[in-house]
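**Student:** Position chain B relative to chain A; hints supplied.
For the record, the sequence lines run as chains A and B. Heads up, the first sequence is in this note's numbering, so the first residue is 1 and it goes up one at a time. Heads up, the second sequence is in this note's numbering, so the first residue is 1 and it goes up one at a time.
No wet-lab data here; the hints were simulated from the structure. Hints are not guaranteed to be accurate.
[Unchecked claim] Using C-beta positions, here's what the derived DEER-type ranges look like: (1) A:L113 - B:R179: 25 to 33 Å; (2) A:D92 - B:G39: 30 to 38 Å; (3) A:P213 - B:P213: 53 to 61 Å; (4) B:T200 - A:M211: 48 to 56 Å; (5) B:D126 - A:L199: 43 to 51 Å; (6) A:P83 - B:E82: 39 to 47 Å; (7) A:D38 - B:K44: 49 to 57 Å; (8) A:G124 - B:D92: 40 to 48 Å; (9) B:E143 - A:D38: 18 to 26 Å.
Because the structure is a prediction, the values reported are computed rather than measured. Beta carbons: idealized from backbone N, C-alpha and C, even for Gly.
What follows is the residue order along each chain.
There are 2 protein chains.
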Amino acid sequence: MGLTLYTYWRSSASFRVRIALNLKGLAYESVPKHLLRDGGEQRKSDYLALNPQGLVPGLEHDGVFVGQSLAICEYLEEIQPEPRLLPGAAADRARIRAMALAVACDIHPLNNLRVLFYLRREFGQDEEGVNRWARHWIATGFEALEQLVARHSADGRFCYGSQPTLADVFLLPQVFNARRVHTDLAPFPRIVGVAEHLLTLPAFAAARPEMQPDAE
Amino acid sequence: MGLTLYTYWRSSASFRVRIALNLKGLAYESVPKHLLRDGGEQRKSDYLALNPQGLVPGLEHDGVFVGQSLAICEYLEEIQPEPRLLPGAAADRARIRAMALAVACDIHPLNNLRVLFYLRREFGQDEEGVNRWARHWIATGFEALEQLVARHSADGRFCYGSQPTLADVFLLPQVFNARRVHTDLAPFPRIVGVAEHLLTLPAFAAARPEMQPDAE
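So that you can see chain A by itself, here it is in the shape it has in the complex:
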């Protein structure tokens, strides 16, 4: 199929796409872009020509470049429908997408590396201020997601129903991020339970940051 993934081991958006590729059983070539080294390899002109946003992940497939982790996952769903990341009827898919977006739009953009850098540089925040900020948005988002998992999970193993979906693809990397900034996860037992179960599945476990060739 000729899939190339531009990735960084610690990027949680890249982590999502690695999970999706693994769930679909799609082999791919990894091209690491180190986000910190040398001003950020993702900001070099060769990569900017592909992706003017200068962000990872990016996927190349038969000469087509796709940026944005959710757009990549939807693209994979179209070119390789099975196993489905968005199973069920339109209403199921809508609810699954909404859970993924609660992470993609309402949590993750706020604890992105470039945002934390801005808070330090422009607003004079130290590591504790920045981590408190990150934990605030994670906890706010997880409070809602905890209820959505209670409502939609069949048995506590997955976010929605009884199989892995796009919601799980987005949840697990966010749990990793939450732990990095020392978020108290005690109020979110269902999220923690789903994350623990997901890590028993090879597609999720193999996508972890520390398993990547560019891990430090």
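**Tutor:** Relative to chain A, chain B alone:
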């Protein structure tokens, strides 16, 4: 069809959904949720029971509730495929989604009302600090989008190709937000040109904040 939209006139995510409903020619009932009055009507228990995130927009359709503007747009695309918000082949749809997500994930979450409140309250920022922050992320995102419009627009009227797509649905409300915080749009002539053209179309013009029944 029985569509109810929970909305707020100034919410740019609600603005997106109003455009999408108008483009599809779908009639809907508006239920305004005032985001500021009385601690935020979207945080009252009746709405939280529908949407644990306590955010607008939300769409109800035949007993199904869907949150998150992008999940709502994708749902509308499934229940009412024409006219298509995601036309073309899988590669086109991926690029259109990526442009919408560049707004939905990389710009808008950072200049959301609740985020600006946090910056004032916790980091002691005044209006100028908060607007500078908002303008920074808008300009960063628009720099990339300006190039993507150059690459993908057929003739400068739309973000992608020669018809309205999901990318336009997300771009126009962000241009409104950009103006509210006095962003210099001179470096983004293509974005401004697309926005100007979109406002000549009834589906976009009727969705403007000031045209809503709850506008102040």
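**Student:** Please go over all the hints and tell whether each is borne out by the structure.
**Tutor:** Hint-by-hint comparison with the structure:
no. : hint                        : verdict
1   : A:L113 - B:R179: 25 to 33 Å : 29 Å, holds
2   : A:D92 - B:G39: 30 to 38 Å   : 33 Å, holds
3   : A:P213 - B:P213: 53 to 61 Å : 56 Å, holds
4   : B:T200 - A:M211: 48 to 56 Å : 52 Å, holds
5   : B:D126 - A:L199: 43 to 51 Å : 45 Å, holds
6   : A:P83 - B:E82: 39 to 47 Å   : 29 Å, violated
7   : A:D38 - B:K44: 49 to 57 Å   : 51 Å, holds
8   : A:G124 - B:D92: 40 to 48 Å  : 44 Å, holds
9   : B:E143 - A:D38: 18 to 26 Å  : 21 Å, holds
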